[in-house]
Amino acid sequence: MATILLSLNTNALLPFQATTRSKTTLKNLHFSNKFPLSSPFNYKHATRLHLRCRATTGTPSTADFDIVVGQDRLRKVPIKNIRNFCIIAHIDHGKSTLADKLLQMTGTVQKREMKEQFLDSMDLERERGITIKLQAARMRYVYENEPYCLNLIDTPGHVDFSYEVSRSLAACEGALLVVDASQGVEAQTLANVYLALESNLEIIPVLNKIDLPGAEPDQVCKEIEEVIGLDCSNAIHCSAKEGRGITEILNAIVERIPPPHDTAEMPLRALIFDSYYDPYRGVIVYFRVIDGKIKKGDRIYFMASGKDYFADEIGVLSPNQMQVEELYAGEVGYLSASIKSVADSRVGDTITHYSRKAEQSLPGYEEATPMVFCGLFPVDADQFSELRDALEKLQLNDAALKFEPETSNAMGFGFRCGFLGLLHMEIVQERLEREYNLSLITTAPSVVYRVNCVDGDTVECSNPSLLPEPGKRRSIEEPFVKIEMLTPKDYIGTLMELAQERRGEFKEMKYITENRASLTYELPLAEMVGDFFDQLKSRSKGYASLEYTFFGYKESDLIRLDIQINGDPVGPLATIVHKDKEKTMEVISKKKNSQLHASSKIWGMHLYGALLLSEILVYMFEFFRFKCGIDEWSSGSNIRYPRMRRFECLKVKIETLSIIGSYVELNALLPVITYVGCASFQAYSVGRALTQKLKELIPRQMFKVPIQACIGAKVIASESLSAIRKDVLAKCYGGDVTRKKKLLRKQAEGKKRMKAIGKVDVPQEAFMAVLKLEKEVL
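Residues 1 to 778 in the UniProt record's numbering are what the sequence shown lists, from first letter to last.
Keep in mind that the hints were calculated from the coordinates and are not lab data.
What you are looking at is a predicted structure, and each value in this text was computed from that prediction instead of being measured.
Even glycine gets a Cβ: it sits at the ideal position worked out from N, Cα and C.
Hints are all accurate, no fakes.
In the PhoX-like style, the derived pairs of lysine-lysine whose C-alpha atoms are separated by at most 20 Å in a straight line are: (1) Lys-293 with Lys-76; (2) Lys-726 with Lys-740; (3) Lys-489 with Lys-537.
Here are the in silico distance ranges between beta carbons for each label pair: (4) Arg-256 with Phe-413: 50 to 60 Å; (5) Val-142 with Phe-413: 55 to 65 Å; (6) Val-142 with Lys-222: 30 to 40 Å; (7) Gln-321 with Asp-455: 53 to 63 Å.
The task is simple: from the sequences and hints, build the whole structure.
Here's what the structure looks like:
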């Protein structure tokens, strides 16, 4: 009888080959006690084993087997054989595809289990094709007959999730810099490289997608050396899709990335780089052991929160959670300790032993600063507590999310939330609705303004409705960002026009290559909260990329636009807009006998007299961009401000937006002096659009309802919702006319009294539609 020895081939994915003709099945096999299984062997999962069979001679009474299963990856290796690395790249340069191939080539994930974006576990990540959350995986690789433990951390590529990248870098000694060989260096490539260099990581350049017809790996290598200053003489050329160059990448990880420091005998210090909430096990913590070792059952202490727990379960991510008995310096793993409070274990905290505490905690991470704010309100007021719990649990998994309670007369109780960007805001909202089954209303996004008051105080305001009154504020400062746009040279002009339209200040332009340029602007962050990124992609046909960093605060000429319904302000609809005092100044001269379009009422008596006596009139014109609906343009109702102010038309063009339809853009010159005291054209346009939309959506009442857009006490746009009128004369078939007048007078008095005490309830559908419109027109 032949004896079959089974063992796991850790690297090569070989098919099942048996040299014996025995029909012995796995259920009939007898297992020896030489292999310690942590749990009873399950025959149903035997197909998960990657087996290599050989026949030997001999006729033992029973079969003797050594079985090495997937837990082979859990075998300890010396610290010098551990490599911790991450993958950083721009969006769509192939990070997740490369991670999939690394998992497959090392045998971490079998081919039949493989799927695209294996580490992207969220539905949102698969639907959008982007990485949102960092993911970790432990791989085993044999190099020159010696086993190595490779800990991979896959990172997001979008600028809104750069905080996830910084946390990944803190847990690594090296990084794979993946660059698309057909597109070259992009904006987020530069940002991620700078983060890696600040962390003193060993960077291995990898040129991906060399199988594409337009790939130029040699040109991209030259571009990396010129722009980043990174030596690309040993850059690896690969195609993650076809599996070319993957072995070279694995070998380079072993050869070029340094191992962690051997500090296993020091007091335990482990850095928390991620966590999430499990409804059955509580908070699950992902950490990197910096010093010392941790065992199952140890009493641990969180140095920032001051809480202590027992480590019920520790393990590694391979990529699924696999339990181990011990983790030591240099390793990456997870921890379950029945932690019920999400505040007890925060990202960046340090874990140490309760009985042998470390003297100093690890530096942790720099706290993320939210850039965009909006209000989140539950559609059903009874879901307020559920929304609070959901935000607390989501904040555990997303440390960049900030929130605080907020109350609105129109929407009730909710939260004011801070995000790193618009995509971050959209992802959080969708996760709350999907994962926690909540129905939410979001207000228009805004930024944090800094208000300098007349009494010397400085107030930060993220909610436009809470902006101090004009008499109490001296000036308003808004946040500015420094943006860098990388674009082909054919689109330089249209992107410069886009930046200037958004009040951008040009700083620098340089050519990276003959066909690619870098544009640097300083831009108000509020101008990017909207469709800026969509416009960037549209105008460059998808070839341009964007990277931005917070620059600081600058004083700007800003006003608050309020919406009032029946005289009551609606806080969630308040917005802050710029007065549009722009950029271009011109001088126009007029002859003595030319007609003066002026009067004493407009110019003032003294100035009017000077105009009549002067031979030449010289005054300044300013450039304005004014937008209104095409219907208002044709009727003339929405264009009365420019006409009243004696404008000189430069250009008229018609464009279309998905929500508000066609609109007219007028470029004109107006005299500066006629503009003094005039409301902002942007405010007028936005106010007109909002009041018209509200008129369509609010149900009619028993009394007339005015809908007004106001700047302070001045109404700049107004619509009226006509009252529902009952025919009180229906019962009067004759008689004296005074009877009819009495009934009509009584009805008018009742409606007047009803209007004074009546309250207009704005339906949730109206809020949702108007807020969506507000985001579009801003």
